[in-house]
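Here are the chains, one letter per residue:
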Amino acid sequence: MRAIVIDDSRAMRLILRRIVGQLGFDVIEAEDGKAALDTLNSESEVPNLALVDWNMPNMNGLEFVTAVRADGRFKDMTLVMVTTESEQSQIVRALAAGAHEYVIKPFTQGAMLEKLALLGLVPSGATA
Amino acid sequence: MQLSASDFAFIAAFIKREAAIVLAPGKEYLVQSRLAPVAREGGMRGVNELVYQLRQDPGPELRQAVIDSLTTNETSWFRDGEPFSALSQTILPGLLASRSVAKHLRIWSAGCASGQEPYSLAILLRDFLPAGWTFEIIATDISAEMIRKAEAGLFTQVEVNRGLPAAMLVHHFERVGAHWSVSEELRRSVTFQRLNLAAPLPPLGLFDLVFLRNVLIYFDVETKAEVLHRVTGTLRPDGLLFLGSAETTIGIDEGFERVAVGRAAAYRMRTAVPAGAAGRV
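Line by line, the protein sequences give chains A and B. With the first letter of the first sequence counted as 1, position 102 gets the number 102 in full-length UniProt numbering; the numbers rise by one all the way through. With the first letter of the second sequence counted as 1, position 60 gets the number 60 in full-length UniProt numbering; the numbers rise by one all the way through.
Simulated from the structure, these hints should not be mistaken for laboratory data. Think of the CB as a built atom: it goes at the ideal place given N, C-alpha and C, for glycine as much as any other residue. Treat the hints with caution; some may be incorrect.
To be verified - Stretch by stretch, here's where chain B covers chain A in the computed footprint (C-beta under 8 Å, at least three residues):
id : region
1  : 26-34
2  : 85-91
3  : 105-111
To be verified - Taking beta-carbon pairs under 7 Å as the criterion, some of the chain A residues facing chain B (in silico):
id : residue
4  : 95
5  : 101
6  : 102
To be verified - Sample of chain A residues with no beta-carbon within 12 Å of chain B, all distances over it, derived:
id : residue
7  : 9
8  : 13
9  : 41
10 : 55
11 : 94
Between the sequences and the hints, there should be enough to build the whole structure, so can you do that?
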């Protein structure tokens with residue numbers, strides 16, 4: 001299992017890397033949507049999961065999600081927005097663009113694991 | 001200041017009497033941390049003074065505040081997942097067949113805390129039941145504060161982050177300032193009432209499903225047996241009881257049998273209890 005963590009904050013990438021790393025994911029990082037797309041295009045193995053911030057330079061998270069959903073190579077990749085954006089209309093936009101889940105910052109490790117469990121990405125019992 | 005052994009013993013006896021909850025030695029820190037805000041809000045100097053007042057003649061408000069503080073627990077949406085998957089994949093399809101005449105379901109969420117469980121059930125039923133079906137969810141908790149909060153249906157950002165799928169959040173909730181409010185439709189599906197499971201039950205009618213999850217763990221064996229006996233009287237003969245994943249009726253009430261429902265476990269009443277059935281799964 002492989003995950004890509006996309007966030008312009010190094011600290012946030014570290015937090016997310018630790019959480020999904022514990023679940024057994026092999027984690028790669030990118031600091032914005034554009035860098036993430038470049039990474040995806042250069043790698044042969046498509047990650048199973050992308051954790052995507054919204055507000056980032058170069059290409060924001062919503063643009064990244066839209067681009068990934070339009071590309072058949074990435075159809076099996078689960079997309080989770082992880083952002084401080086918490087307006088109802090923004091969550092609707094992200095889901096409409098193709099995000100599978102939405103986690104609002106700040107979040108606890110337990111909350112993140114519960115969301116990943118909803119997506120079937122956590123072994124049974126790991127959220128207890 | 002640390003809670004003295006006699007003050008802890010007093011609080012333990014109080015909460016056992018009022019709510020049948022067992023506070024084992026070693027929970028001093030929990031009691032101290034839960035009661036400190038109650039003392040502060042009551043203008044008292046600390047937990048010691050609160051216990052002193054409780055020993056004298058506490059008004060109903062202080063008694064309730066202490067019960068609330070010691071009985072409220074963390075909860076999340078669709079908690080533990082599997083009972084909810086079992087509901088939508090196995091149990092509800094079965095009920096659609098067996099209740100096809102009445103087209104009505106009754107569910108009891110016992111120990112509902114701030115309402116995540118009954119509202120999760122309401123979301124699931126609204127999304128699942130065909131047109132023409134109705135349902136009723138009764139949600140109870142011993143804490144008056146929790147019932148008020150649940151009834152208000154206002155949840156913080158942190159609370160809605162806990163296990164609630166984003167698609168359900170935007171469909172069934174509305175953003176109100178810093179909070180999320182459950183839709184009027186959901187709120188109308190659930191009736192909340194304060195209820196002490198350790199005392200005789202008011203008339204509740206019969207239920208198709210009872211959710212009594214992570215409640216029995218707070219009781220001693222004798223009270224567990226009493227509570228399960230009371231629940232028996234509220235279940236339809238083919239009704240199902242859900243307990244928390246760390247709880248069981250086995251060794252407590254042999255009137256129930258454990259049944260596997262998908263990846264979850266539930267309990268139903270044995271039609272006839274065979275002699276010497278104790279201990280069987």
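Looking back at the numbered hints, which does the structure fail to meet, lowest number first? 1, 11
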